[in-house]
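*Asks:* Same order as they appear, the protein sequences are chains A and B. When we follow my numbering, the leftmost residue of the first sequence carries the number 1, and every step to the right adds one. When we follow my numbering, the leftmost residue of the second sequence carries the number 1, and every step to the right adds one.
By construction, these hints were calculated from the structure, which means they are not laboratory data. Do not rely on the hints blindly, as some may be mistaken.
Just so you have them, the derived chain A footprint on chain B, three or more residues with Cβ under 8 Å [to be verified]:
1. 53-64
2. 67-77
No farther apart than 27 Å at their CA atoms in a straight line, the calculated lysine-lysine pairs in the DSSO-like style are these [stated by the list, open to error]:
3. A:Lys-38 / B:Lys-49
4. A:Lys-36 / B:Lys-106
5. A:Lys-40 / B:Lys-106
6. B:Lys-106 / A:Lys-41
7. B:Lys-69 / A:Lys-38
8. B:Lys-58 / A:Lys-53
9. A:Lys-9 / A:Lys-53
10. A:Lys-38 / B:Lys-68
11. A:Lys-9 / B:Lys-58
12. A:Lys-18 / B:Lys-106
13. B:Lys-68 / A:Lys-36
Glycine included, every Cβ here is placed at the ideal spot set by N, Cα and C.
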Amino acid sequence: DTEVTQTPKHLVMGMTNKKSLKCEQHMGHRAMYWYKQKAKKPPELMFVYSYEKLSINESVPSRFSPECPNSSLLNLHLHALQPEDSALYLCASSQPGLAGGGTDTQYFGPGTRLTVL
Amino acid sequence: AQSVTQLGSHVSVSEGALVLLRCNYSSSVPPYLFWYVQYPNQGLQLLLKYTTGATLVKGINGFEAEFKKSETSFHLTKPSAHMSDAAEYFCAVSFNQAGTALIFGKGTTLSVSS
């Protein structure tokens with residue numbers, strides 16, 4: 001089973017709202033990722049967790065706050081977002097590579113389509 | 001610096017024709033290479049990957065790719081296109097020794113006409 005699940009599928013929020021995106025995998029992977037994808041563009045890496053510890057933060061604004069409560073679950077907490085944050089947010093998982101960066105095959109979830117009004 | 005280049009942002013083929021999507025990379029260390037497909041409003045699905053060993057890699061849906069170190073290429077092919085192949089295709093590279101995550105190409109949109 002190579003399934004990564006994400007909820008919700010769609011999310012519409014105002015700029016003052018607080019919401020969370022959820023990602024789950026049961027493949028025993030110990031590296032999990034958040035990506036942001038704009039239309040007609042490749043995914044952009046936001047965060048990497050390796051063994052439940054944040055290993056990469058690609059200078060993401062603090063209005064995005066990741067959390068990895070356990071090895072199967074990854075959350076992305078959203079607060080005070082801007083309209084330009086509207087995008088498809090993808091979660092992925094893999095086994096960690098050397099240096100904790102996570103370089104084995106990544107399996108992606110279906111994404112959460114976020115719209116910020 | 002490591003990078004991935006996909007030649008052709010848009011490729012159009014007729015149903016039954018050969019599909020060729022080009023990917024070149026630059027790297028100072030041996031790469032791991034991947035092709036992903038993305039259908040509209042969906043996540044990325046792994047088509048195939050090369051890590052070590054046989055340089056001709058077969059993937060799902062009849063796709064295959066060949067790692068050519070001398071040409072720093074990993075082109076994706078399919079002998080006969082099907083309408084259902086219309087999607088966005090991303091080539092990606094990772095470099096295990098550096099501990100970095102995936103580096104994606106800009107993507108190629110494949111259109112298939114009947």
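*Asks:* Take the hints in turn and mark each one as holding or not.
*Replies:* These are the hints, each one checked on the structure:
{"no.": "1", "hint": "53-64", "in the structure": "violated (count 0)"}
{"no.": "2", "hint": "67-77", "in the structure": "violated (count 0)"}
{"no.": "3", "hint": "A:Lys-38 / B:Lys-49", "in the structure": "24 Å, holds"}
{"no.": "4", "hint": "A:Lys-36 / B:Lys-106", "in the structure": "14 Å, holds"}
{"no.": "5", "hint": "A:Lys-40 / B:Lys-106", "in the structure": "8 Å, holds"}
{"no.": "6", "hint": "B:Lys-106 / A:Lys-41", "in the structure": "6 Å, holds"}
{"no.": "7", "hint": "B:Lys-69 / A:Lys-38", "in the structure": "32 Å, violated"}
{"no.": "8", "hint": "B:Lys-58 / A:Lys-53", "in the structure": "35 Å, violated"}
{"no.": "9", "hint": "A:Lys-9 / A:Lys-53", "in the structure": "26 Å, holds"}
{"no.": "10", "hint": "A:Lys-38 / B:Lys-68", "in the structure": "31 Å, violated"}
{"no.": "11", "hint": "A:Lys-9 / B:Lys-58", "in the structure": "31 Å, violated"}
{"no.": "12", "hint": "A:Lys-18 / B:Lys-106", "in the structure": "32 Å, violated"}
{"no.": "13", "hint": "B:Lys-68 / A:Lys-36", "in the structure": "31 Å, violated"}
In summary, the structure is inconsistent with hints 1, 2, 7, 8, 10, 11, 12, 13 from the numbered list given earlier, while agreeing with the others.
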